[in-house]
Structure formats: C-alpha cells, structure tokens
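Q: Here is what each chain is made of, one letter per residue.
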Amino acid sequence: MKKSAIFGLVVIAVAIAVIISVYSSSSTYATFAEAQVAGTELHVIGHLNKKKELVYDATKDANYFSFYMNDNKGEERKVIINSTKPEDFERSEQLVVTGQMVGNEFHASKILMKCPSKYTQDKLDVTEVKAKQASI
Amino acid sequence: MNTVFQGEHLLPGQIGQFFIVLSFGAALLSFLSYYFATTDDAGKLNSSWQRLGRIGFIVNSIGILGMGICLFYILYNHYFEYHYAWSYTSRSLPVYYLVSGFWNGQEGGFLLFAFWQAVLGNLLIVKAKSWERPVMTIVALSQVILATMVLGIDILGTRIGSSPFLLLRNSGIEAPIFARPDYLSFIKDGQGMNPSLQNYWMIIHPPTLFLGFASLVVPFAYAVAGLWQKRYKEWVQPAISYTLFGAMILGTGVIMGSFWAYESLNFGGFWAWDPVENGSIFPWLTIVAALHVLIVFKNSGHSYFTATFLVLISFVLVWYTSFLSRSGILGESSVHAFTDLGMFWQLVIGILIFLFITIGILIWRWKELPITKKDEETYSREFWMFVGSVFLALSCFHLIVVTSVPVWNAMFGTKIAPPADAVKHYNVIQSAFAFVVTILTGFTQFLKYKKTDITRFFITTGVYFLFAILITALIVAVTGVYKLNVVFVLVMCGSVYSVVANAKVLVDAFKGKFKLAGAAVAHLGFGFLLIGAVIAAGTSKVVSKNESGELAVQGFDEKAGNVKENIMIYKNVPVKMGDYTVTYLGDSISTPEHFYKVDYKRLDANGKVLENFVLKPKVQASREAGFASSPDTKHYLTSDLYTHITAVPSQGFNMQGGEAAHDEGNDDKNYDEPVPHEVVVGDTIRYRDGFMILKSINKQATVQNIKVGPNDIAIGANIEVHANNTIYNAEPVFMIKDGNAFDFSRKVDDAGLKLRFSRINPENKKIEITVFQQPKNKKPWIVMRAITFPYINFFWSGTIIMVIGFLLSIQRRNKELKTV
Chain A
1 MKKSAIFGLV VIAVAIAVII SVYSSSSTYA TFAEAQVAGT ELHVIGHLNK
51 KKELVYDATK DANYFSFYMN DNKGEERKVI INSTKPEDFE RSEQLVVTGQ
101 MVGNEFHASK ILMKCPSKYT QDKLDVTEVK AKQASI
Chain B
1 MNTVFQGEHL LPGQIGQFFI VLSFGAALLS FLSYYFATTD DAGKLNSSWQ
51 RLGRIGFIVN SIGILGMGIC LFYILYNHYF EYHYAWSYTS RSLPVYYLVS
101 GFWNGQEGGF LLFAFWQAVL GNLLIVKAKS WERPVMTIVA LSQVILATMV
151 LGIDILGTRI GSSPFLLLRN SGIEAPIFAR PDYLSFIKDG QGMNPSLQNY
201 WMIIHPPTLF LGFASLVVPF AYAVAGLWQK RYKEWVQPAI SYTLFGAMIL
251 GTGVIMGSFW AYESLNFGGF WAWDPVENGS IFPWLTIVAA LHVLIVFKNS
301 GHSYFTATFL VLISFVLVWY TSFLSRSGIL GESSVHAFTD LGMFWQLVIG
351 ILIFLFITIG ILIWRWKELP ITKKDEETYS REFWMFVGSV FLALSCFHLI
401 VVTSVPVWNA MFGTKIAPPA DAVKHYNVIQ SAFAFVVTIL TGFTQFLKYK
451 KTDITRFFIT TGVYFLFAIL ITALIVAVTG VYKLNVVFVL VMCGSVYSVV
501 ANAKVLVDAF KGKFKLAGAA VAHLGFGFLL IGAVIAAGTS KVVSKNESGE
551 LAVQGFDEKA GNVKENIMIY KNVPVKMGDY TVTYLGDSIS TPEHFYKVDY
601 KRLDANGKVL ENFVLKPKVQ ASREAGFASS PDTKHYLTSD LYTHITAVPS
651 QGFNMQGGEA AHDEGNDDKN YDEPVPHEVV VGDTIRYRDG FMILKSINKQ
701 ATVQNIKVGP NDIAIGANIE VHANNTIYNA EPVFMIKDGN AFDFSRKVDD
751 AGLKLRFSRI NPENKKIEIT VFQQPKNKKP WIVMRAITFP YINFFWSGTI
801 IMVIGFLLSI QRRNKELKTV
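As given, the protein sequences belong to chains A and B, one line each in that order. First residue of the first sequence: 1, per full-length UniProt numbering; consecutive thereafter. First residue of the second sequence: 1, per full-length UniProt numbering; consecutive thereafter.
The set of hints was computed from the structure by calculation and includes no laboratory data. Positions of the beta carbon are idealized from the N, C-alpha and C atoms, including for glycine. Some hints here could point you the wrong way.
As the list claims (entries may be wrong) - Away from chain B, derived, C-beta distances all over 12 Å, residues of chain A:
(1) TYR68
(2) ASN70
(3) GLU75
Unchecked claim - Straight line, CA to CA, 20 Å or less: simulated EDC-like cross-link-like pairs of lysine to aspartate or glutamate:
(4) B:LYS541 <-> B:GLU263
(5) A:LYS110 <-> B:ASP421
(6) B:LYS545 <-> A:ASP57
(7) B:LYS576 <-> A:ASP61
(8) B:LYS747 <-> B:ASP689
(9) B:LYS616 <-> B:GLU263
As the list claims (entries may be wrong) - Stretches of chain B that chain A covers, calculated by requiring three or more beta carbons in the stretch to come under 8 Å of a beta carbon on chain A:
(10) 410-420
(11) 566-572
With the hints as extra help, turn the sequences into a complete structure.
A: Below, the structure is given as structure tokens:
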C-alpha cells in the first residue's frame, strides 16, 4: 500500500474519532421532567417565571441565586446557581440552563440568557415618548 | 399616506443609497468585463473589456468610500431618523467611539469587508500583471455578492440585503408616533452603544479582523485563476505572499479580539470557545495549513490538490463564519447577541456560491491537476509539513463540527445540545491536535526537503527532544500544570520542543541562512503563545474565596460549577482573600463609567506590608442599559491579577447621574433605632462595629451659613470614632438660637454612622449623644471576583513574535518573487 493511502486512512480514522467524541460529549436539550429521570448534566430551555421570587442577597450569601423557571412544556422548577445574579436577569426572554436535578431543584452550573437588549432588538420606548408628548 | 415629515435629513441617506446601488452596479460591470477580458479577449494585449473592468472596479471603490462617508456624516451629526444611527449611537458618545459605532451593526461589518476587498483589488490591478483579468474576475464577483448584503432593495417582494441608510420609520418598528409629521422631535437620542463595545480595542479589532477575512479572497482568486487558466503551477508563487499576509492579519485580529475580551469583558479570561470566537479561527487554521502545503508544493511538487483545496476552502469558511455570526442561528448556544436581519438565505447563498466554485473548478480540472503519482520520501520535510497541515485542518474540522451543532439541528431537525462542559471538551480535543502540530513544527526543522540523512536526523532530534522534556518537566512542576489532564502536559512538551527546535534554526539563521528566520520566528512565537495559553488558562486560580462565614447550600457539590467564586465585601472592612487583604474603599463616577476602588495589600507573617495597590474595576452604564462590568488587572511580569465586579447594591447604582437628594430630616429611616448616650468628656461610647470617645466640648462651634448671635449658644462635641482600624473625627453641634434649640447632626459615612448632639442636661452636667447606626445590609458593599492568570505574558508576547515571523517571511517571499 502506498504511504499516502495509509495516511489517508489515518485521517479518516481521526475524523471519525472526532465525530464520535463530539457525539458522546454532546448533550441534549431536555425538559425538567426528562432531567429528573436522566440525572446527568443537561440543557433546559425555558422562561423565567416573573411572578415568583428571585432570591439574591449578597449580604447573606454572595454566591447563591435562585429563581423559578418554566421549561418549554410549561413545567416549573426552582433553579439554583452558585453565583451572583446576572444583571438584567428579570428582563430575560429566554433562558438556557445547564445542570442537573437534585431532588426537585435544578442545580445549574451555567445560565445563558437572552435579553431583549436594546442593542439587539428594535423597540421604541413608547411610554417615554408619551411622557415627552405630555410635557409640551 | 403622503405625510411630510419635519426635520428629517434625507439627503445624506439618499446619496448613501445611491452609492450603494452604484457600487453594486459597478462591481457587476467589473465582474462581467473582467470575465470577458479573460475569455473573449484572452491573449489580446489591448483589451477594452479589461479597461472597462478596471473602471468598474475603481467606481465600485469610490462607491464604497462614498457610502462610508455618508454613514459617518449621519452618525457624526446624530441624525436619528436613520435606523443605524438610532440603534447604535447616542449624543453622549465621544467621537472616537462613533468610529466603532460605524461597525457596531452588521451592515457596517459588510461595509468594512467590502472596503478592504476594494483596497486589495486596487492593489492587484497595479501588481497582478498577467494575472489581473482572471483574479479580478473573482475579486469583483465577491464585491458583487458583498454589495447585495447592504443593498436594502425590494425585488419581487423580498428584501435583498439590509441598508445602513434605512430610515427609522421604515425599519419595521411599529409605533403610533410615526404617523405624526413631527415624530422626529420626540426622538431626542439614539439607543447608545453597548457598553462593552465602548473600548479602544473595538476601534482597531474589527478593522484588523475584516482585513484578515478580506485578504483571503486573494489566494482564493489566484487558485481559481490558476485552474481556470490552466496555469496550474504558476499561481502558487504569487499566492504565497498573500496567503502569508492573510494568515498574519487574521491571526492578529483574532488575538486582538481575545485581548479585548481579557481587558474589558467580564467572562474571566482571554478565550471562551464561544461559537463566534471559534468561527473566527476556522479560516485561520485552514489558511495556515494551506500556506504550509503551498510551500511544500513549491519545493517538491507534491500535495498539489491539498494545497489548492485548503486555499479555496479558507475563503468559503470566511463566508461560513459570517453566516454563523450574522444569521441568528447561534441563538441558543452563543452569548454574542447577533440578530437575524432576515438575511438567512442570502447568507446561505453567499456560502454556496463560493463552495460551488471550489468544488466545480476542482472537478472540472481534476484530470489535468499536476498530482504526482510518486510516493513522498518518509524522511523529507515536505511529507511531515503536509501531515502537520492536515492535522491543522482536522482541528478546524473538529471546531466546525461542534460549533455547527445549531446548524445540524436546523438541517436535520435534531435537538442536539452542545457539550455541557464545552470549554473542557474543546480544551482537551484541541490540545491533542495542538500536541501533534507542535511536535511537527519542531522536528520538521531537522529534516531537509526531498531527502535527509537518517542517522544524523535521529540523533539531533533525540537530543533536542530530551532537552525539551527536561524543560517541560521543570515548567510543569513549577506552574502546577501536572495537576491537569495529561493532554495539557503533552501540549506543553510539544510547544517547548517547538520552541527549542526553532530557536536552533534561528541561531543558524543568524549565522548565515537568514532567509529561514521568518518561519523559525513565527514557529517560536506560536510555541510561546501555546505555552502561555496552557499555563494561564490551565492554572488560573480564583482568588476571591472568602474562607470565613461561608454558608453551605444544601445538596450542592463541586460539580455544579463555579462554586463560591464571588466574595462580598463591605466598604472599609478589610477582608482576607488568598494572599491579599482587600478593602473596598469607595466608588467614583465619571459618566458613563462607575469605578469601584479596591485596595489590595499583601502582608508578610509579621504584618508588614509587602505590597499595596489599588485596582479600579469599573461598571459601565449608559442610560437604561444597566450593568456592564469591566475588569481591572494588576500586571506582573509573571502573572496577572484580574478583578471584576459581579454585583453591587441596586440602590447604590441608581444614584449615578445625580446623587440622590440628601434629605437630612428624612434619612433617619436608613438607620437602626437610635441609641442615646449620656456622657461627659472622656467617656467612651461603644457600638456594634467599634467605639467612640468624647474628646472635648467646643464652645465656639460654628455652623455654615448660620450666624451665631450674642445671645445664642453653639456647642460642638468633638468625637473620635474608632472603626475599621481607622480614626474618624466628627463634631455634631447643639445650638440655641433665639430661644429655640437646634441640633446639627454629623455623618461618618465610612463607618455608617450618624451622630447627634441631642441634649444638654444641666443637672448632672452631662450631654446626650444620639448614635444612629446603619444596619449592616445598608452599608455599601460590592461583590467581586478575582482571578490570577500566571505567565499570561507568554501568550501576548508569543503573538507579537509570531507576527514578526510572518513579516520576515513575507519579505523573503516577495524577494523571491522579484528574482523569478
């Protein structure tokens, strides 16, 4: 066999190994119910329940933040993360939390939040505009 | 519907839009003319098609410049009737940030890309000689496609591209005020710029990165031209210089981005494997691989197909990267908040055009490609350079597979999530590739092109390898890298080996073979860069762990991520943190930046201060924007100490923009229940955080703005407050004026105290001091996170050395060009 053919096989082998390793370490997007069964690290997509309490009190514990989140099926769980409360968290539109269920609580190691940031979303602040109108 | 709107400045937008259409038309003309110049006028010296192509391209360049000037004019004059100006800037922005506002939006990014491509195109018109016609056909085609991205014109009901000159009222925002002719008088200011972009790195990082992206069109165009014109071998030589240039600029742009992240973003480091970051290195990895294989081909005639393919695919990847970051597809996996401008399919078409050219031309010319049938020598430099390049390409392949997870989901309807611990996943696998690549950049230096004396090779390689292992062992032991996954130790070993091997070549170069210096310096830089990255990222330590007073959260184990990395400190209360004692001294505002002064002291065993400095991490706030934290870093030669604010009391933050009015009478509610103490001079009053002594009574006390009449009395109580290991003085005043008693309290903000001289008791000659103490949670505090990055200077200096290496190589290749 030619050396280039051997090398070609090596390349193909590495490429397959890469795909397998990616496949094995990638997780799935799940719901809380699925996370409860799985017991491993998962991503859950959902929304912040804005009616329930967000707990962050730096004077008590600077590394404890909890909130309630509804997953895409509407199921609600308490989520806890050992970190500070991300700024503008209340305004988040969508959350992707990574972590696992412990009892009935979801212990997150990472939170990715999508904010309707004024830099990315076009939204005229109409209330402000109205206030100005009134002042004329 | 014929409302006449008042106060709009439509002219600059109309001129700008005209320039867009002009540049599009001119690019199209240039493309077609160059195409016919290549085909119909082939061999003709005086081609009118060629002339037309040049004119078209120059008009296109003028159009792009015109667009830029119009856009800047609009931004500079704050014409918020334009969506772009309204979205990305505000009146309060300094002019130098208006420059970064220019490429804040995606349209500006495309404009920048087109601008650099125009510059390179004009350079090629002057320099490319016989290559001009086919090469410029491709460059002009790329300009056509880029121009459609900013066209913003409706064709058959679909909008093509997104124009930076879109008016706010036409931008699709629904608001009743747009029905009013004087709507503009209500839009006083733009939305401002994302605070994290208000940084000097954002002024120079995007232009550099886009020059890097744009410059990859040149080798691409040469490769296509070479195959198209059947000048299979000739294109390689001129393409090498441009490939070197592209690799150098793109690499610099990427590292600048990482420096920006390190200096001003708060994600705690210089690289986070974010999809957008990964996207920027896809084309870099392939173009560096392409570069090596081009050199292999030039020297030995082997690996023609690989070289051509890598050159071609690099530019396709530039487009793929654009697609990833601009189509909104990364929505669920990236923190970079780029939005979809409704150009998803347009971007896909952009990629497909270049992908089809790549595949099409290779198939078309497949049988004629100068592919050697002969096997390569195992002990030749070119064979191992080739292997290294393939591994670079494989590492790129891995990055693409993982980063594109959302793309696979969109294509196949799957629901795969990226790896839960993405950073670890990337670190381990990419390190494995880096190990192979660095080992190869090391030992290929001992090989010769074509054939090498095997025994000698094994001896020198072995000696240097042994030496490298010894140094690695030393570094690994000192820095603590050995505690990490073994793959990081391997990368370290590979990098050290690469450094020593290339240092040897460099020494030889100074002895005479100077033309080899470029590659050696670049490899040396790359080795240093990796050494720095492994140590800094691998052994970075969170310092901000307060060991005392921790509350254990039930059921939380270490696995759940960054556990207890934030520390809360009250103002003026020193806290022990690792080797340091930190004190939050206070804050200061210089709009829009809010600085928090944190004092660091390092003490020896006897309490002597070894080191003392103040860091000022800042929080940037623009109107309504809230919070964007930027770190401050103490740079040492061997490490960095990085500190950033992760939380502040919300009431403290709202105060900016005009201190909350001090309402003397009403602020008692901010304090705990007052405690009166009857004292005489010399008495001590104890309170929760310390004590105070009544030093003396001042019978000539004065109060600002109040005149003390002959029958009035004003008495001050000189009180010495001992708190936070500091002594503060305060003098509350008791006054009787015109028969009425008043008292003037004094605050000691740093100690969270308010003192009132509330009464004089003539019977026992005592006076009454009322102590108001702030409840603990009302005292100012900050939550911060501090990290050390050891030896990160290797990373930065490695980059600079690598760039110098590229410059030397470009110089060498250009010299070769002239002699050929």
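Q: Broken hints, numbered, in rising order?
A: Result: no hint breaks.
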